[in-house]
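Protein chains in written order, with my numbering: chain V, 83 to 596; chain D, 4 to 281.
Since the hints were derived computationally from the structure, they do not count as laboratory data. Treat the hints with caution; some may be incorrect.
Computed footprint of chain V on chain D; a stretch qualifies when at least three of its residues, placed anywhere within it, have a C-beta under 8 Å from a C-beta of chain V [stated by the list, open to error]:
| id | stretch |
| --- | --- |
| 1 | 11–17 |
| 2 | 98–111 |
| 3 | 128–141 |
| 4 | 164–172 |
Virtual Cβ for every residue (Gly too), placed ideally from N, Cα, C.
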Amino acid sequence: MTPTVPDPHPEERPVLRPLQRTGWGFRLLVAALLAVIAAGAYAYVTQLRLGLGVTGLNNRVTWGIYITNFVFFIGVSHAGTLISAILRVTGAEWRRPITRMAEAITVFALMVGAPMVLIDMGRPERILSVFRYGRLQSPILWDVISITTYLTGSLLYLYLPLIPDMALLRDRLTEVPRWKRALYRALAAGWRGTPRQHAALERGISAMAIVIIPVAISVHTVVSWIFGMTLRAGWHSTIFGPYFVIGAIFSGIAAIITAMGAFRWVYGLGGFLTDRHFRNLGYLLLTFNLLYMYFTISEYLTIAYGAEVKDTTLVHALFYGAFSHVFWVMLIIGLVLPAVLTLIPHLAPIDLLRRVPALRPIPLGVGAAILGGVGATLHVRGVAYVNTTLGVHHDVVLVAAGVLGAAAFLALLPVLKQRPVASIVLASLLVNAGMWLKRYIIVVPSMALPITPTEWATYQPTWVEWSITAGAFATFILLYALFAKIFPLISLWEVREAKVPEPAPGARAQEVVA
Amino acid sequence: MSRLRLSRRTFVKTLIATGAAATLPSVAKLAETWAAESHSPHARKTQRRWVMVIDLAACDGCKKCTAACQKEHFVPFGQEWIRVFETGNNPYDKQNFPLPCQHCEIAPCVKVCPVAATYHNDEGIVLVDHNKCIGCRFCMAACPYGVRFFNWTEPKHSPQEQFVQYSPEFPVPHRKGTVEKCMLCAHRVKIGRLPACVEACAAAEMWAIWFGDANENLVTNGRDVAKLTDLLAEGRAFRYKEELGTHPRVYYLLPDRRDRRPADSRKPAGKSDDPYRP
Numbered sequence: 083m084t085p086t087v088p089d090p091h092p093e094e095r096p097v098l099r100p101l102q103r104t105g106w107g108f109r110l111l112v113a114a115l116l117a118v119i120a121a122g123a124y125a126y127v128t129q130l131r132l133g134l135g136v137t138g139l140n141n142r143v144t145w146g147i148y149i150t151n152f153v154f155f156i157g158v159s160h161a162g163t164l165i166s167a168i169l170r171v172t173g174a175e176w177r178r179p180i181t182r183m184a185e186a187i188t189v190f191a192l193m194v195g196a197p198m199v200l201i202d203m204g205r206p207e208r209i210l211s212v213f214r215y216g217r218l219q220s221p222i223l224w225d226v227i228s229i230t231t232y233l234t235g236s237l238l239y240l241y242l243p244l245i246p247d248m249a250l251l252r253d254r255l256t257e258v259p260r261w262k263r264a265l266y267r268a269l270a271a272g273w274r275g276t277p278r279q280h281a282a283l284e285r286g287i288s289a290m291a292i293v294i295i296p297v298a299i300s301v302h303t304v305v306s307w308i309f310g311m312t313l314r315a316g317w318h319s320t321i322f323g324p325y326f327v328i329g330a331i332f333s334g335i336a337a338i339i340t341a342m343g344a345f346r347w348v349y350g351l352g353g354f355l356t357d358r359h360f361r362n363l364g365y366l367l368l369t370f371n372l373l374y375m376y377f378t379i380s381e382y383l384t385i386a387y388g389a390e391v392k393d394t395t396l397v398h399a400l401f402y403g404a405f406s407h408v409f410w411v412m413l414i415i416g417l418v419l420p421a422v423l424t425l426i427p428h429l430a431p432i433d434l435l436r437r438v439p440a441l442r443p444i445p446l447g448v449g450a451a452i453l454g455g456v457g458a459t460l461h462v463r464g465v466a467y468v469n470t471t472l473g474v475h476h477d478v479v480l481v482a483a484g485v486l487g488a489a490a491f492l493a494l495l496p497v498l499k500q501r502p503v504a505s506i507v508l509a510s511l512l513v514n515a516g517m518w519l520k521r522y523i524i525v526v527p528s529m530a531l532p533i534t535p536t537e538w539a540t541y542q543p544t545w546v547e548w549s550i551t552a553g554a555f556a557t558f559i560l561l562y563a564l565f566a567k568i569f570p571l572i573s574l575w576e577v578r579e580a581k582v583p584e585p586a587p588g589a590r591a592q593e594v595v596a
Numbered sequence: 004m005s006r007l008r009l010s011r012r013t014f015v016k017t018l019i020a021t022g023a024a025a026t027l028p029s030v031a032k033l034a035e036t037w038a039a040e041s042h043s044p045h046a047r048k049t050q051r052r053w054v055m056v057i058d059l060a061a062c063d064g065c066k067k068c069t070a071a072c073q074k075e076h077f078v079p080f081g082q083e084w085i086r087v088f089e090t091g092n093n094p095y096d097k098q099n100f101p102l103p104c105q106h107c108e109i110a111p112c113v114k115v116c117p118v119a120a121t122y123h124n125d126e127g128i129v130l131v132d133h134n135k136c137i138g139c140r141f142c143m144a145a146c147p148y149g150v151r152f153f154n155w156t157e158p159k160h161s162p163q164e165q166f167v168q169y170s171p172e173f174p175v176p177h178r179k180g181t182v183e184k185c186m187l188c189a190h191r192v193k194i195g196r197l198p199a200c201v202e203a204c205a206a207a208e209m210w211a212i213w214f215g216d217a218n219e220n221l222v223t224n225g226r227d228v229a230k231l232t233d234l235l236a237e238g239r240a241f242r243y244k245e246e247l248g249t250h251p252r253v254y255y256l257l258p259d260r261r262d263r264r265p266a267d268s269r270k271p272a273g274k275s276d277d278p279y280r281p
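Just chain D, with the same shape it has in the complex:
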């Protein structure tokens, strides 16, 4: 004992030094993942970059998209993963406004999740892993679009629902105490089908919702195929709460644009320098 005597001070010093040395790599790793996760979403080259374009001029507010979504995902009672709002500043200015998850590239919900239960998949879709979600609902507080829902009680399970194999891309059966939201029909787009809301909108002969891949610059509404950039330029697209810097992957085409602009200005401006514009 006396020969091996290590003073307390030296011991504590060594302990702190070792601890710091052990922490350094994880700090570096953290910086790396942080950069990859939230600060430069465009640094990651993904195969697909799914986008949705909602034509507000075509939407008549029938809510068939909501119904189709609820059927497709056995959405628990009280939740509307795509919700159709009625907006407007006066009675003559009524406007239907369908609001799915915006699948932000810099997603406030992904930032704040303490356990990485909500994340971007390789195709840019914001998903929730219900095996990981701890139900703290921080993501719901952080989401500026109010498109997240919580299973406050055990959802009613339909017989068909019971046969589904759970995956974050198709979060069925639903679980009590976890957060739910639109997952852009990740399970359907994987096998080349359009999201349920897009199909329902086409079936209602409204063709208001377009869906496609920004990498390919192509979108379809179930009837026509369009160049995404043309559609956005022609429709004078905007994104909801653009000023928040969340870079949503859902675009809206202005409702009152028809016949208001001279024909020649409808030409697309060409490839933009702005990386946030496809």
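So that you can see chain V by itself, here it is in the shape it has in the complex:
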């Protein structure tokens, strides 16, 4: 592209470049994602053919990682809309470059999360019965209503601020394929940027920003009520609504930081996604981390102190029983480490770690990985025999791996302190993984818990479930990657507006102040 007139906004080029050119990296990524999705589709066809018997689910643990994925993705969907809406309503000016990415996460997370329930159904062809015979008394109907409202609202809320950018692309990207130009022209909806259009758009966006907040809160509340309305230990809890909403916003913030980190790195959007954005979102992440810790302590302390048999059975299984591996990993990587990583610039003693001899990240990390691999291998049933003849308990190896891993993490801290953005992105990745595990810890143990005079039930997800899960994540990434190829990831007009403040009569005061 050789513009004849000087480009008035050269800083926007990195945003527009991905829309104009497609490199091999992108094609490779799409091919890889499509392969994963195809594997997931094959797994789903197998499941349709043979029934849910191909999963690890059974008559006791009737919900497994499909429902875990559902809760996880619906949680991630709070990234966007809620965060961008709250930041908009409170007039936080720094939000401008990140709102679009956040809103897109919402839409795609919902598009991937909601069908997980369909995949979990024994009779997916009867999905329309939910509308035909739907009983409003059933929390599932609450979810259907709430999630469809949220998806509709989020699409609108994604689209409205897109209009001026669509017009901008329509006028500026004249060398892109025809379908793209037609798309931009259609989506621009005749936007010419007149004051009247601006006023109407602003009103629409403000209204949507306010409307979407209670809808978003309702969504994760009713998701929690699917569990909360039953009489099961660990689920039947009044804390569940707010607990889920906080967890959703927490994982949503982590998701947007991850996306920002990825796009800043891949597309070189450092001019828009500055260190300040990562720092601010890191503080938000820390706030919700602390809130989530508070809720987690409240939850377990209350039921453990009351010590009803069904509750203590559950707490024992989580703290040092069958689910303790997942539980402690979740707590450490989902809550504790991210808290340290987001606080890293303020932790002065970290520099002292440099002086400790032998505390070097690479050898320690390699050691931890080797020991972890050995420990995990010893867990495999066939190897267990060899293990007993050697006389080494596999948990000893795992604990040693954990100690080395912790040392490696400590060794890494001074390095990360030099790179606050990297450490916040790392924290957000850990939070994503931790929150998925947390959803697993919510769904599965309460179902495996004996409710009649029997033993604990077991659940081991099969390749079908893992393939479909991988396919779901790949679909999410693919949708996002395609979005990034068609639409600008940064809301250009909003960023421009911030740079040239036009205090028109009646303009919102807080914007000018901020």
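Given chain V, work out where chain D should sit, using these hints.
Just chain D, lined up with the frame of chain V:
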């Protein structure tokens, strides 16, 4: 166009008002059905109120009830619609505990079903309509007794099974992807027969399971006929997880009650004021 001009605001307002007006009757209807369905099960006067009484003192844990049930309904492999547990707090306190669907009057499974596939029939039996069930398994998560089962794969069909005309009262042939459970032999009681498990228990000369109609206050174990209220009072009946408020229609008679109470206290207390006690 210009004469008929309707401002957007007025249009949206009218739309919302119309929508609200259209929704109101359905909300009223909802409240009505909700009240009828789950909140006051005794408001509905039904012809029959089938109940089951299981005498834990008489049960020797032979599991013939389970076998008879499986034969009667061609129960798919891996399911036990009436399951006999062995309970007890120590080795000297072993107790057999047969557990069919409790046919709760306030049934958690009926509450949560999104499509009304699981419901109370007119005689208080909790049934599943396998033509409606979407297989979401919410009822299985909601059931505090763990008596619901899912057809994870296509069940094996025996030749006899193929000739049965499906009805929720006799849910055969079984279908993949739907939820199954004890239906209190609704197809048998309709024609005056006892449930298969009751008959099998009588055939094994144990007579541990009683079945009857709470409206008539009569139950039978296949040999004797008893007044339900007498039987419950004498047997010091309890219901499983009574504290959950599900009001099961299955009663259990205490296993260790024999010769432990003075004879005069065995007299029934008479008609109780408690509506939940027949």
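Of the numbered hints stated earlier in the document, which are not met by this structure?
1, 4
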